[in-house]
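Sequence order for the protein chains is A and B. The first sequence begins at 2 in the working numbering and counts up by one. The second sequence begins at 2 in the working numbering and counts up by one.
For the record, the hints were derived by calculation from the structure and aren't laboratory data. Given the structure is predicted, the values throughout are model-derived calculations rather than measurements. One or more hints might be untrue.
[As the list claims (entries may be wrong)] From the derived model, a few chain B residues whose C-beta atoms are all more than 12 Å from chain A: (1) ALA80; (2) PRO81; (3) THR98; (4) THR146; (5) GLU229; (6) SER238; (7) SER272; (8) GLU293; (9) LEU310; (10) PRO315; (11) GLY336; (12) ASP342; (13) ALA365; (14) HIS400; (15) LEU402.
[Unchecked claim] Each pair of labels, with its calculated beta carbon distance range: (16) B/ALA38 with A/ARG187: 48 to 56 Å; (17) A/ARG190 with B/LYS77: 54 to 62 Å; (18) B/ALA31 with A/GLY197: 54 to 62 Å; (19) B/ARG369 with A/ARG258: 55 to 63 Å.
Just so it is clear, CB atoms sit at the ideal spot from N, CA and C, and this is done for glycine as well.
Number of protein chains: 2
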Amino acid sequence: MEIALARPKLISLAAGFTDSASLPVAEARALFDAILASPKTGQAALQYGTTAGDPVLRRLTAERLRAQDHAPRGSKLHAPERVIITSGSQQLLYMITEALCDPDDIVLVEDPTYFVYLGILQSHGIGARGVRMERDGLDLAHLETVLASLKRSGELKRVKLLYLVSYFQNPTGVTTSFAKKRATLRLLREYERAAGHPIYLVEDAAYRELRFTGEDVPSALTLPGAAERVIYGGTYSKPFATGVRVGFGLLPAAVHRVVMRLKGNHDFGTSNLLQQLLARALASGRYERHLEALRRRYAHKAAVTLRALEAHFPARAEWWTPRGGLYFWARLPHGVKSGVDSKLFRSALKHGVLYVPGVWCYAADPTRRKPDHELRLSFGGASEANLRAGIARFGDTLHELLDT
Amino acid sequence: MEIALARPKLISLAAGFTDSASLPVAEARALFDAILASPKTGQAALQYGTTAGDPVLRRLTAERLRAQDHAPRGSKLHAPERVIITSGSQQLLYMITEALCDPDDIVLVEDPTYFVYLGILQSHGIGARGVRMERDGLDLAHLETVLASLKRSGELKRVKLLYLVSYFQNPTGVTTSFAKKRATLRLLREYERAAGHPIYLVEDAAYRELRFTGEDVPSALTLPGAAERVIYGGTYSKPFATGVRVGFGLLPAAVHRVVMRLKGNHDFGTSNLLQQLLARALASGRYERHLEALRRRYAHKAAVTLRALEAHFPARAEWWTPRGGLYFWARLPHGVKSGVDSKLFRSALKHGVLYVPGVWCYAADPTRRKPDHELRLSFGGASEANLRAGIARFGDTLHELLDT
Numbered sequence: 002m003e004i005a006l007a008r009p010k011l012i013s014l015a016a017g018f019t020d021s022a023s024l025p026v027a028e029a030r031a032l033f034d035a036i037l038a039s040p041k042t043g044q045a046a047l048q049y050g051t052t053a054g055d056p057v058l059r060r061l062t063a064e065r066l067r068a069q070d071h072a073p074r075g076s077k078l079h080a081p082e083r084v085i086i087t088s089g090s091q092q093l094l095y096m097i098t099e100a101l102c103d104p105d106d107i108v109l110v111e112d113p114t115y116f117v118y119l120g121i122l123q124s125h126g127i128g129a130r131g132v133r134m135e136r137d138g139l140d141l142a143h144l145e146t147v148l149a150s151l152k153r154s155g156e157l158k159r160v161k162l163l164y165l166v167s168y169f170q171n172p173t174g175v176t177t178s179f180a181k182k183r184a185t186l187r188l189l190r191e192y193e194r195a196a197g198h199p200i201y202l203v204e205d206a207a208y209r210e211l212r213f214t215g216e217d218v219p220s221a222l223t224l225p226g227a228a229e230r231v232i233y234g235g236t237y238s239k240p241f242a243t244g245v246r247v248g249f250g251l252l253p254a255a256v257h258r259v260v261m262r263l264k265g266n267h268d269f270g271t272s273n274l275l276q277q278l279l280a281r282a283l284a285s286g287r288y289e290r291h292l293e294a295l296r297r298r299y300a301h302k303a304a305v306t307l308r309a310l311e312a313h314f315p316a317r318a319e320w321w322t323p324r325g326g327l328y329f330w331a332r333l334p335h336g337v338k339s340g341v342d343s344k345l346f347r348s349a350l351k352h353g354v355l356y357v358p359g360v361w362c363y364a365a366d367p368t369r370r371k372p373d374h375e376l377r378l379s380f381g382g383a384s385e386a387n388l389r390a391g392i393a394r395f396g397d398t399l400h401e402l403l404d405t
Numbered sequence: 002m003e004i005a006l007a008r009p010k011l012i013s014l015a016a017g018f019t020d021s022a023s024l025p026v027a028e029a030r031a032l033f034d035a036i037l038a039s040p041k042t043g044q045a046a047l048q049y050g051t052t053a054g055d056p057v058l059r060r061l062t063a064e065r066l067r068a069q070d071h072a073p074r075g076s077k078l079h080a081p082e083r084v085i086i087t088s089g090s091q092q093l094l095y096m097i098t099e100a101l102c103d104p105d106d107i108v109l110v111e112d113p114t115y116f117v118y119l120g121i122l123q124s125h126g127i128g129a130r131g132v133r134m135e136r137d138g139l140d141l142a143h144l145e146t147v148l149a150s151l152k153r154s155g156e157l158k159r160v161k162l163l164y165l166v167s168y169f170q171n172p173t174g175v176t177t178s179f180a181k182k183r184a185t186l187r188l189l190r191e192y193e194r195a196a197g198h199p200i201y202l203v204e205d206a207a208y209r210e211l212r213f214t215g216e217d218v219p220s221a222l223t224l225p226g227a228a229e230r231v232i233y234g235g236t237y238s239k240p241f242a243t244g245v246r247v248g249f250g251l252l253p254a255a256v257h258r259v260v261m262r263l264k265g266n267h268d269f270g271t272s273n274l275l276q277q278l279l280a281r282a283l284a285s286g287r288y289e290r291h292l293e294a295l296r297r298r299y300a301h302k303a304a305v306t307l308r309a310l311e312a313h314f315p316a317r318a319e320w321w322t323p324r325g326g327l328y329f330w331a332r333l334p335h336g337v338k339s340g341v342d343s344k345l346f347r348s349a350l351k352h353g354v355l356y357v358p359g360v361w362c363y364a365a366d367p368t369r370r371k372p373d374h375e376l377r378l379s380f381g382g383a384s385e386a387n388l389r390a391g392i393a394r395f396g397d398t399l400h401e402l403l404d405t
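Bound-form chain A, shown alone:
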């Protein structure tokens, strides 16, 4: 991000920015206008809220999620009391990790995974083990191998949670199938006996609403045993406006209590005004209408990106085409390194293109080497023209490199 800000002509396919042209400027204006039109609603929005979040937003969040999960009315897993509103889903991830893990603990992560989460782990001195990915989520056989090996080595008692970015994963774009969520939770519970404590399944659903093709998958909240073990995190920032930092979590009662205490210490509650903006956007239908338009927009940008990759990338490169979210994940032929010190990265930068090196997305797992020939391309922030131009330039760079 620093490089991009310093060189405005650079085409950044790196940052997970959202599409500027599609931001809901008129919607936000109308919503604020309505909230601030009367002293009553205006004062309520400009005053402190409560630590857990605005009651209306908590209720709307729980109901929305219940509907997405096709859960019955009155579903206890989707009760408003289980909701906490946070400053983006990032803050939820931070607080959950702070609440559940001690230094030297181990977190299971997808291999690769969301690199900012790896930063959270690192800053707390928490270790990580990567579980290999398939096109429909975790490689279950590998998950079992990892758990069994941790059990053998006596390290299972340090494992507190598995972190899963379950929809259009950052960075791979992979969506975890429902069957795999079920099997994952079952495996974790099986190993709890040896661990001697709960092993939580943290489902980060940040990209869930950014689907542009196919059917939604129910969340892990609908699995048997989810009430005490599944932590669900979502966000309104990416689907609505990233400048509005409002995320949420649905937590088991015991975790909710601890995270509430942390939230009280962090900031005693996310901006009430922003929460009321979201509550009104949801209640008025503006959120949903905006989301529909956004999905079409991203579907189109993903298609533009795909066509550009097909036109400009060498045949020996591979990529995974996403059905939602903001990212393409690409693999270069082995031997073509993609890290910040690589020829490719420097050459791409010289051609004015920036990407996220795949190696950033791999945990420091002592049991394997980090792959270093992958990369993440974001189609969120760049304009269509820049997507085309950026990928063309990047393709040229790759051809040059492969030809020499």
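Take the given structure of chain A and dock chain B to it, following the hints.
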């Protein structure tokens, strides 16, 4: 707060809410309207910002503080690069403590101090030592005694910072004199040699702008040696709108780097939209005009509170009259306990009045007993009528208790 929310007829003199009727509803509406009138400024506000905060807000914050401190143009201590924007000043306090302290460390605090900060210390397993207060700030002789005793016991190496709420302190309303700030920093530096590391002076100036009488005191940033040792925290939430959570810190370069990393992990930046709201409020003069009105309003409410105390409190009770901020600090005759389990608290609650027991504001300092006959009364949230009625009822409760 939970008690207050559950019993709407209760008069809460407890919560540090701000005055609802004075919240800048029309101002916020006009400001959002301007920001969101054009796609250009609207999109910029609804997109992600940077981790350190909006550059304009950082600059305006630094300039405003420089003017308040009567520092020369170009003052390095008031440089925009030293600013970080946070979700209220609370988040700054959290991150600074996280950055500088380890479990079992010791923080020096005013005795009494801001009780939410004590919660932060407790949640990190950090100890505290209280330094007695006088009407113009810390009792310097006691500070020296505490430091000397920590040195003797070999605990000085665990002392990382002194936390000072320097303007209209929460809970006592005391403002620290400039001479005391100077002497405090000098003492801390003197003991650094024995500590073997920096001991920071954290100046929490959350209430600085809520002055309604007398002259402002320059911040500790203007002291010799401040560049590497003083951490200054302020907020726009209390002076403007508590529903808008925007605070800030000015930090020594070494601390700034660490806190920036933490901020990236916590939430990678405070809501850009709220920051642009504040930047525009400051640049347009609306913030300053609102603040003037707010100061007059609080001055009036403080006067109402004082008259009610004089009329209804027993002669044997004492209180400190503040010159700014939101709180009166009262002392009951020894023997009249004020804690949540006390006769007084229960009786006040039965009469429909809530206050903050003084004991909450004392750190768990192993070297002294916590005083238990004090209380904090806030005049921020309650209406004038409720201030009068609440204090009258509370006075009756006290008279009953003292007469029996």
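Hint by hint, here is what the structure shows:
Its beta-carbon lying about 19 Å from the closest one in chain A, B/ALA80 satisfies the requirement of being farther than 12 Å from that chain. Chain A leaves B/PRO81 outside its interface by the beta-carbon criterion, the shortest separation being 15 Å against a cut-off of 12 Å. Once the 12 Å rule is applied to beta carbons, B/THR98 is inconsistent with being away from chain A; the minimum gap is 9 Å. Every C-beta of chain A lies more than 12 Å from that of B/THR146, the closest at about 30 Å, which supports listing it as non-interface.
Listed as a non-interface residue, B/GLU229 keeps its Cβ farther than 12 Å from every Cβ of chain A; the least gap is roughly 23 Å. The Cβ of B/SER238 does not lie farther than 12 Å from every Cβ of chain A; its closest approach is about 8 Å, which violates its non-interface assignment. The Cβ of B/SER272 sits about 4 Å from the closest Cβ of chain A, inside the 12 Å cut-off, so the non-interface label is violated. Non-interface status of B/GLU293 relative to chain A is upheld: no Cβ of that chain comes within 12 Å, the nearest being about 18 Å off.
The Cβ of B/LEU310 sits about 25 Å from the closest Cβ of chain A, beyond the 12 Å cut-off, so the non-interface label holds. Here B/PRO315 stays apart from chain A, with its beta-carbon at least about 32 Å from theirs, past the 12 Å limit. With a least CB separation of 33 Å from chain A, B/GLY336 remains clear of the 12 Å interface cut-off, as annotated. For B/ASP342, the non-interface assignment is confirmed: its Cβ lies about 21 Å from the closest Cβ of chain A, beyond the 12 Å cut-off.
Residue placement check: B/ALA365 keeps its beta carbon more than 12 Å from all beta carbons of chain A (closest about 16 Å). The Cβ of B/HIS400 lies farther than 12 Å from every Cβ of chain A, with a closest approach of about 33 Å, so its non-interface assignment holds. For B/LEU402, the condition that its CB be more than 12 Å from all CB atoms of chain A holds, with the nearest at approximately 31 Å. At roughly 54 Å, the beta-carbon separation of B/ALA38 and A/ARG187 lies within the given 48 to 56 Å, and the hint holds.
A/ARG190 and B/LYS77 have their C-beta atoms about 57 Å apart, which keeps the hinted 54 to 62 Å range intact. Our hint of 54 to 62 Å for B/ALA31 and A/GLY197 holds, since their Cβ atoms are close to 59 Å apart. Restraint check, B/ARG369 to A/ARG258: a C-beta distance of roughly 31 Å breaks the suggested window 55 to 63 Å.
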